[in-house]
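10 protein chains.
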Amino acid sequence: MSIPQVTQKLLAAKKEKGLSFADLEKILNHDEIWIAALFYLQATASEEEAKLLVEALGLDTSYIQELTAYPVKGLGPVVPTDPLIYRFYEIMQVYGLPLKDVIQEKFGDGIMSAIDFTLDVEKEEDPKGDRVKVIMSGKFLPYKKW
Amino acid sequence: MSIPQVTQKLLAAKKEKGLSFADLEKILNHDEIWIAALFYLQATASEEEAKLLVEALGLDTSYIQELTAYPVKGLGPVVPTDPLIYRFYEIMQVYGLPLKDVIQEKFGDGIMSAIDFTLDVEKEEDPKGDRVKVIMSGKFLPYKKW
Amino acid sequence: MSIPQVTQKLLAAKKEKGLSFADLEKILNHDEIWIAALFYLQATASEEEAKLLVEALGLDTSYIQELTAYPVKGLGPVVPTDPLIYRFYEIMQVYGLPLKDVIQEKFGDGIMSAIDFTLDVEKEEDPKGDRVKVIMSGKFLPYKKW
Amino acid sequence: MSIPQVTQKLLAAKKEKGLSFADLEKILNHDEIWIAALFYLQATASEEEAKLLVEALGLDTSYIQELTAYPVKGLGPVVPTDPLIYRFYEIMQVYGLPLKDVIQEKFGDGIMSAIDFTLDVEKEEDPKGDRVKVIMSGKFLPYKKW
Amino acid sequence: MSIPQVTQKLLAAKKEKGLSFADLEKILNHDEIWIAALFYLQATASEEEAKLLVEALGLDTSYIQELTAYPVKGLGPVVPTDPLIYRFYEIMQVYGLPLKDVIQEKFGDGIMSAIDFTLDVEKEEDPKGDRVKVIMSGKFLPYKKW
Amino acid sequence: MSIPQVTQKLLAAKKEKGLSFADLEKILNHDEIWIAALFYLQATASEEEAKLLVEALGLDTSYIQELTAYPVKGLGPVVPTDPLIYRFYEIMQVYGLPLKDVIQEKFGDGIMSAIDFTLDVEKEEDPKGDRVKVIMSGKFLPYKKW
Amino acid sequence: MSIPQVTQKLLAAKKEKGLSFADLEKILNHDEIWIAALFYLQATASEEEAKLLVEALGLDTSYIQELTAYPVKGLGPVVPTDPLIYRFYEIMQVYGLPLKDVIQEKFGDGIMSAIDFTLDVEKEEDPKGDRVKVIMSGKFLPYKKW
Amino acid sequence: MSIPQVTQKLLAAKKEKGLSFADLEKILNHDEIWIAALFYLQATASEEEAKLLVEALGLDTSYIQELTAYPVKGLGPVVPTDPLIYRFYEIMQVYGLPLKDVIQEKFGDGIMSAIDFTLDVEKEEDPKGDRVKVIMSGKFLPYKKW
Amino acid sequence: MSIPQVTQKLLAAKKEKGLSFADLEKILNHDEIWIAALFYLQATASEEEAKLLVEALGLDTSYIQELTAYPVKGLGPVVPTDPLIYRFYEIMQVYGLPLKDVIQEKFGDGIMSAIDFTLDVEKEEDPKGDRVKVIMSGKFLPYKKW
Amino acid sequence: MSIPQVTQKLLAAKKEKGLSFADLEKILNHDEIWIAALFYLQATASEEEAKLLVEALGLDTSYIQELTAYPVKGLGPVVPTDPLIYRFYEIMQVYGLPLKDVIQEKFGDGIMSAIDFTLDVEKEEDPKGDRVKVIMSGKFLPYKKW
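First to last, the protein sequences are chains A, B, C, D, E, F, G, H, I and J. The UniProt record's numbering numbers the first residue of the first sequence as 1 and each following residue consecutively. The UniProt record's numbering numbers the first residue of the second sequence as 1 and each following residue consecutively. The UniProt record's numbering numbers the first residue of the third sequence as 1 and each following residue consecutively. The UniProt record's numbering numbers the first residue of the fourth sequence as 1 and each following residue consecutively. The UniProt record's numbering numbers the first residue of the fifth sequence as 1 and each following residue consecutively. The UniProt record's numbering numbers the first residue of the sixth sequence as 1 and each following residue consecutively. The UniProt record's numbering numbers the first residue of the seventh sequence as 1 and each following residue consecutively. The UniProt record's numbering numbers the first residue of the eighth sequence as 1 and each following residue consecutively. The UniProt record's numbering numbers the first residue of the ninth sequence as 1 and each following residue consecutively. The UniProt record's numbering numbers the first residue of the tenth sequence as 1 and each following residue consecutively.
Some clues are possibly wrong.
Calculated Cβ distances over 12 Å to all of chain B for the following chain D residues [claimed, not checked]:
{"#": "1", "residue": "8"}
{"#": "2", "residue": "30"}
{"#": "3", "residue": "71"}
{"#": "4", "residue": "78"}
{"#": "5", "residue": "79"}
{"#": "6", "residue": "82"}
{"#": "7", "residue": "83"}
{"#": "8", "residue": "87"}
{"#": "9", "residue": "90"}
{"#": "10", "residue": "91"}
{"#": "11", "residue": "94"}
{"#": "12", "residue": "104"}
{"#": "13", "residue": "105"}
{"#": "14", "residue": "120"}
{"#": "15", "residue": "126"}
Derived BS3-like pairs: lysine-lysine, alpha-carbon spacing no greater than 30 Å straight-line [unchecked claim]:
{"#": "16", "chain 1": "H", "residue 1": "26", "chain 2": "G", "residue 2": "128"}
{"#": "17", "chain 1": "G", "residue 1": "128", "chain 2": "B", "residue 2": "9"}
{"#": "18", "chain 1": "D", "residue 1": "144", "chain 2": "E", "residue 2": "15"}
{"#": "19", "chain 1": "B", "residue 1": "145", "chain 2": "H", "residue 2": "26"}
{"#": "20", "chain 1": "I", "residue 1": "15", "chain 2": "J", "residue 2": "144"}
{"#": "21", "chain 1": "H", "residue 1": "123", "chain 2": "G", "residue 2": "26"}
{"#": "22", "chain 1": "D", "residue 1": "144", "chain 2": "A", "residue 2": "144"}
{"#": "23", "chain 1": "E", "residue 1": "106", "chain 2": "F", "residue 2": "144"}
FYI, nobody ran anything at the bench for these hints, they're computed from the structure. By construction, the Cβ of each residue, glycine as well, lies at the ideal position given by its N, Cα and C atoms.
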């Protein structure tokens, strides 16, 4: 998981400005996860969005070009070693087939889109230890017969 | 992703009885995803839970032993080829690092547990096409310093 | 690429009946590729479609269950060794990035769906040697911003 | 999928000139996909073609040498992580064997050439959402017996 | 490299009859390598060829079906462990790029076909130790520009 | 397949001098494939051979050291993506076991050496399309019993 | 296992100062293993801890930023080649399943946390050869049912 | 991680007898982990030990042969998917290099033996949640110079 | 490392007869390692040798066919998990390049044959612990220039 | 197998001085293989040994630090492509299990240490072609029971 140089610069600028992704959410009017994805060049901004971000971070406009491009996605490696990210791999390994069965029982043959898709994270306060709540919402795409 | 024989038998019995995982949810008093995970031997039932399930499916009690065991988890392969399951792998590839940053900004250094963890699926009706909503909730585990 | 036993039985019955996939196209009113995908358990038939197919092949109705199920898709291995199939892997290796650029230039950030998708094969007669024409048509899915 | 430096320079020049691959199609008299493949050093231009391209992009002639060379092809990695490119890998995984059967039924034992081969992309306008049409045409090569 | 059961039966029958592949060359009027490839289901016989072979081996006609089919080719594994076969992998590792350069210098951009292709083995007697001569002949396929 | 910098310099010098590998064959008195292997640091020259080559290419003597060294051989990757080189991998996949059987039938238990080995390429003119002829000759090495 | 540059600088400073990890244990009031993990950017320090470390090593404060960040964890490769580290991989290969059975027999269905986790190394003097004692202590996390 | 049939039989017999590994510890006078390793054919018993175990489990003496043999060790797969076992893989990924540095600082150049090695598991009661304590003790082996 | 059934039968017969490989060395007049290799179908016996072995083991002559065949060699997997065998993989990882340099310094460009090759194991008694002595002797094969 | 820069510098100095590893053997009083391993940072020298080597090679003392460190061992890749080194991988593939059986028959359950280990190479003159003799001697380590 080699992090692109642009990402490193954006993260450093964000740190210097003392901004959280949640702060940027208000400025860009997009979810903090989508903005984090933009930082990692996994999403693409419009010209205006890129300008807003660059201004907020106090960077010059030379960053706009990369933020509005369509880069090759996927941050590798094949099996993630970072424990936080690995847990999502593990969830897919352990609950992938059960999930498939339940989704198909509810919707028929098809998939949850990872493109027409949103992803949110919330903090659930809990006396026994706070919980991370991850909400995915993807359009159901039924297999076309032809 | 070779499906265990027990799983195949349980799924066949469920089909014959005309039961959905949602129906079993009411009988077992557990979420349908957890029950599907039990079908795939990725979760472990108590004696009573196993009995309830076996009765509901019209199977003899010989299945109880496998349903109450602690089997080796993880359904492979390394990169899933099934399109529905692959999309969750893709989400981890594309949004893994952004997710990590947002979670750590909210919670500090640590991970979302995949053990003290629940997983739900809901159908969101939408005129532009129904959506699959997947909700994960895992306890935040901060890294211990020692 | 281990071929499921059902597939082998279906292919043997088809051979015995002297039917081509093109013949089945007329009976099932679906494209021959989709029907071949059904043979390999990579597509799912309705009850009526399954009955029609089973009758056409002179098989008993016990096959209907597998033809109407939602099996785990993907026929492996990671890199295909069969020369005919490998060429499609090679096309993805050599023309994948150029294709990405041209599609994104025409459509913006997004993908061609492999679910809302059709695939056809035609024979182009050519004095210098007949040509295989493969036509893919997938709905363009733009990345959602949220 | 590390993109060669020449490619990056060519793409930057193209962007600055405000040219699309479709525009270059008219100048070079070759398909936009072939031109995109040339950008990624997956195809080889003649001296004249390379000159035409270099002029159109406002670059000096030093680029001609790389555009007319025969570089090592294949842009890796083994399984693509970019969602747009992955879908073509998925199509090969899911429809590879069905495709093989239909092609061999129509043509006999052999393959579709990926060398004597053309690849086109078209935009199909559709009220339910535009579609990406990908047309491959490869010479059928029958296996030689000796 | 798991050897198909048909192959094992054909090899056993050949051994029992005391026939070499060179003997079969005279009966089938095809090269011994092509016949060995047929034994391993890597080539496809016509009805007549299959009958000739089956008779020569003293087997019943039930084998004809597999010998005339178009099976999935490639005998794996990814990197061969058998020392004789590995040497061909090593030749590709060590001499692959030099070979590419020399072929392209002689022929231009393109490949040697592995389909319109023949392969022969000869024994070169040599006082310092006999030599294995392997002769490959494949049609040169120039890359099409479109 | 990352090409060593020395190789790139040698190839550039060769191009500037307008020399083919066939031209170098006359100067060095070695086969063009062996010379190409030397360019890629897969073979080792004597001092005199290295000097001859360096002079022919108009390079200074600093290259002699690398040309006379014994570098780590093998140009990777595990499965080649370049179509020309892949075909040799495919030949090993498809014809590896048949080849093994024919060689062992002719020679007994052992291998074809890839060390006491020569490799030649010839152009076979053919009205239906020129052919690439690749001739390998390796000493047969019988397995020693001890 | 490419070692980050910061790590190399920290290790060099520690060597120059003649400090052992055991010495740093007293300064930082954390276990030497945790401190070594911090050196390798596998743990995260607080501002004060980072300052203490930087002072002890005689480095300027520019290192504090990296020591307090949350980097991507996991030092690769998939199977370690270093003999000392490989032995821990081997222990997991050989004793992984037995360990699983014993832990589950003692605790029920769940895992030992690698996050709420400590790791210590002690030297056990022994006349037959000193022994390395590695003590892991992780919170038991029972699988949640939902 | 395919579990040998003998293992499955031994585990079933143990379950039927209602014996824990801790119970067997008293009978065999060996640690429960070593006994579990014996169940998985990762350790080798003497004749007497095998007899004791077989008697305790109420099995016939035919199992003695496998329990006293030296089988191929290592239970695969390359990266474990079972969450409990994966955590040990993760510990090696995250703490492998720090561990190496601390061990070498204490002992010099060498390794902890995984052969002259013991492994224990204890339950640490803790009001905040019980802890799994894993204690490894391996002889330090210094690298020999010769 | 799945062990062939023939091997298992041969090993069982050897055990029943109470014969060591050293005993068989005297009967077959070949080294014990070569005989063990024959047991694992990694070497090929003559008719007489096979008869001698089969008699010594008290088996019927039906085993002669497999012992005199030329099977596919290599017992996998890619990286061995068995600790005894892994150490040889480790030696190749750690000492492979140093060995290459010393061999080439002594012999020039070439390899040690693994075909014209013998392998012996001896027990070196040593008060500090007996030692395993492994002696390999392979013909040096110089690279041919052509 | 990327060779460390220090190694390259040491090898270059050795070449300039016209020293063989055998020459260094006399100076350092260690085996030439161990010295070659030191060159590749796979072994660790004492301060005095490092000084002796550095003097002999005419290098300044700045190299002493790396020669006395404990670097991460293992020179990769997973399967070596260099023919000389591959042969040792092949020996492990072909003779690994036979070797295991013979060693265990002689010594019981355990392994040959690769740490308390020496490795020598000798040239055996032979009229039929000189032979490479490789002698490994490793302490036998019996599996501890606990």
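Quick rundown of the hints versus the structure:
1. 8: Per Cβ check, residue 8/D is outside 12 Å of chain B; nearest 22 Å; holds.
2. 30: Answer for residue 30/D: holds, closest chain B Cβ roughly 33 Å.
3. 71: At about 28 Å from chain B, residue 71/D clears the 12 Å cut-off, so the statement holds.
4. 78: Not fine: 9 Å to the nearest Cβ puts residue 78/D too close to chain B.
5. 79: Violated: least Cβ distance 6 Å, not greater than 12 Å.
6. 82: The claim is violated: residue 82/D sits with its nearest Cβ about 9 Å from chain B, within 12 Å.
7. 83: violated (6 Å)
8. 87: Since the minimum Cβ distance to chain B is about 9 Å, residue 87/D lies within 12 Å and the statement is violated.
9. 90: violated (6 Å)
10. 91: At roughly 10 Å from the nearest Cβ of chain B, residue 91/D sits no farther out than 12 Å, so the non-interface label is violated.
11. 94: The claim breaks: residue 94/D does not keep its Cβ more than 12 Å from every Cβ of chain B (closest is about 7 Å).
12. 104: holds (23 Å)
13. 105: Given a closest Cβ separation of 25 Å, the condition holds.
14. 120: holds (25 Å)
15. 126: Non-interface label stands for residue 126/D: nearest chain B Cβ at 15 Å, farther than 12 Å.
16. 26/H / 128/G: Between residue 26/H and residue 128/G the Cα gap is close to 27 Å, so the pair holds against 30 Å.
17. 128/G / 9/B: violated (56 Å)
18. 144/D / 15/E: Since the Cα atoms of residue 144/D and residue 15/E sit roughly 27 Å apart, the hinted pair holds (cutoff 30 Å).
19. 145/B / 26/H: violated (37 Å)
20. 15/I / 144/J: The hint holds at about 24 Å.
21. 123/H / 26/G: holds (29 Å)
22. 144/D / 144/A: violated (38 Å)
23. 106/E / 144/F: violated (41 Å)
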